[in-house]
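Enquirer: Using the sequences provided together with the hints, build the complete structure.
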Amino acid sequence: MIPRRARILGAASRSGREGGQGLVEMSLALLPFIVLLMGVVDLGRGVYTNNGVAQAAREIARVTSVHQCSGSCSTATWSAETLATVNTQKKLVPGLADAGVVITCVDITNAPKTVAAEGCPAGEFIRVDVATSFHLVTPLLPIPNPMTLSSTAHIQVP
Amino acid sequence: MAIRAASSLRRRAFGRRPESESGQLLVVFALALIAMVGMTGLILDGGDTFIQRREQQNVADTAAMAAAYAGLNGQDVNAAAASVAGANGFVNGTGGTTISVASGSGLYTVTITKPHRNNFAGAVGFASWNVTTTATVRAGIPNGAFGAMPLIFNTKAFSKAANKTESTPASFVEPGTGPQDVPQTNASFNWTVFCTANGNPCNGNSNTVKDLIDGNGINATVYLNELIGPLNAGAHTTLFDALSSKVGMSFAVAMVNDAGQMQSWAWFHLTGSVGGSTKQISGYFDDQVNPAPLSISNTGGTPAGATGGYTVDLVN
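Chains as they are written, first to last, in our numbering: chain A, -12 to 145; chain B, 657 to 972.
To be clear, the hints were calculated from the coordinates, so they are not data collected in a lab. For glycine and all other residues, C-beta sits at the position ideal for the given N, C-alpha and C. Where hints are given, some of them may not hold.
[Unchecked claim] Below, computed lysine-lysine pairings styled on DSBU-like, alpha-carbon distance capped at 30 Å:
no.: 1; chain 1: A; residue 1: Lys100; chain 2: B; residue 2: Lys820
no.: 2; chain 1: B; residue 1: Lys866; chain 2: B; residue 2: Lys935
no.: 3; chain 1: B; residue 1: Lys935; chain 2: B; residue 2: Lys820
no.: 4; chain 1: B; residue 1: Lys902; chain 2: A; residue 2: Lys100
no.: 5; chain 1: B; residue 1: Lys902; chain 2: B; residue 2: Lys820
no.: 6; chain 1: B; residue 1: Lys866; chain 2: B; residue 2: Lys812
no.: 7; chain 1: B; residue 1: Lys866; chain 2: B; residue 2: Lys902
no.: 8; chain 1: A; residue 1: Lys100; chain 2: A; residue 2: Lys77
no.: 9; chain 1: A; residue 1: Lys100; chain 2: B; residue 2: Lys866
[What the hints assert, rightly or not] Facing chain B, from chain A, some residues (calculated, C-beta under 7 Å):
no.: 10; residue: Met25
no.: 11; residue: Val28
no.: 12; residue: Asn38
Expert: What follows is the structure, encoded as C-alpha cells:
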C-alpha cells in the first residue's frame, strides 16, 4: 500500500519527465506544419490572383469592345463603363492598379492599330494586358517574391 | 520472459502521454483544415465561377443577338433568347437559371442569372454564388450617321449600285442645274452640306463641302424627310480631288427622294473620283451593313424600310 502522498509525488515526477517530451514533439512538428499550411494558403492566393487577373483582362476587354475609349486607350480616355469595370476588378484582384491595365487596339496579327477619335474599328481587336504584383506571405521559399502575374485577352470589336 | 520484462520497463519509461496533451495537434490541424478547405474553395469554386461567368456572358451576347433578329422579324424575343441560351446549356427555369429579355427603343437586353453551386466553399458558409450577365443589342434601320460624306444619291441608285464589287463598281455623275440639282436618276449624285447645320435655306459652298470631306465636318443632326439642299452646279475640281484621297474607303452617304428629302443612310464604298471634264465618282453600296458609324436612336424617326440596310450591333 503506497501512501497517498507518495502516489501524488510519483505522478508529479512522471508528468514532469514526460510532459516536456510532448512539447518538444509538438514544436518540432508544428514548424514544418505551419510552413506547409502557409504554403497552401499562398498557393491558393496565387492561383486565385492568377485566375482573377485572367478574368479581369477578359471582363475589361469585353466591356471596352462595346464602350470604346475616346481616341487611343490611355487611362484618361477610358469610357465610364470601362472605368467602372476596372474599379470592380481592382476590388476582386489584390494589388491591381490602373497602371496594371493596358488597353490597345490591334489587328488580327496582333499589330497595333492607329485609333481615330471614333475608336478601334469594327473587326479589329481590343487587346487588354493586366498585370499585378503578387506578394507571398510564406518566408524562405526559393521563388521570386514579389512576383508579377499577368494575362492578356483579345476581343473583336463587333 | 525476458522480453516481457523489457516491454514492461519500456511502458513504464515511455508510457502514454498525459491526457491533457494528446490531441493538441489534432486541434491545430482541424483549425488548419478549415483554412485549407477555404483556400481550395477559393481556387476551385472561384475559378469555376469565373469560367461560368465567361460562358454565361457569351451566351447572353448570343441570346441578345437572337432576340434582336427575332424582334426585327416580328417574332417572340423571349422565345428566341431562351432557345439560344438553352442550346448553350442555360435552360430557363432549370437549376435556378433565369433568362429575361427587355426590349424597347431598338434595344434588346438579355439578362441571365444562374447560381454557381459551390463544392468546397460551401464548407465555409458559401453554398452558392449568383452569377448574372447582361448583354444589349441595338437593332433596326439606322437613322443617324457619324463621319458621313457630304454626298447624296437618289434612292433609285440602290438598283444600280447594289450587288457590285470592287472590280465592277457603278459610276455616278453630277445632275444638271436648276431644279435638276437633286439627283433624279439612278446614275447621278450631288454634294451637300446637310442644310440643317447652317440653317435653312442653306447656302452651301465648295469650301464647306471640302471641310466635310477632309474630316473637319460639322456636328449636325439631320432628320428623315428633311430637305437636304444640294450644292449648285460648278466645276467642283477641288471636291473631286479631295474625295479621291478617300478611294478604297467606305462611309455613310445620304439617300434622298426626287424632292431631295432625306430617306435613309446607306453605306457606300468609293472606288474612284475623277474631276476635270469627267466629273464622275464610282463605287457601290454595301449590302451587309453593320458598321458602328451608322447608329439608331429613338429621336431620329424611322427610315423607309425599303431603302436602308438593317444594323444589329452589340452595344453593351
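Enquirer: Does each hint hold? Answer for all of them.
Expert: We went through each hint and held it up to the structure:
no. : hint                : result
1   : Lys100/A - Lys820/B : holds (29 Å)
2   : Lys866/B - Lys935/B : holds (15 Å)
3   : Lys935/B - Lys820/B : holds (21 Å)
4   : Lys902/B - Lys100/A : holds (19 Å)
5   : Lys902/B - Lys820/B : holds (18 Å)
6   : Lys866/B - Lys812/B : holds (26 Å)
7   : Lys866/B - Lys902/B : holds (12 Å)
8   : Lys100/A - Lys77/A  : holds (27 Å)
9   : Lys100/A - Lys866/B : holds (27 Å)
10  : Met25               : violated (10 Å)
11  : Val28               : holds (6 Å)
12  : Asn38               : holds (5 Å)
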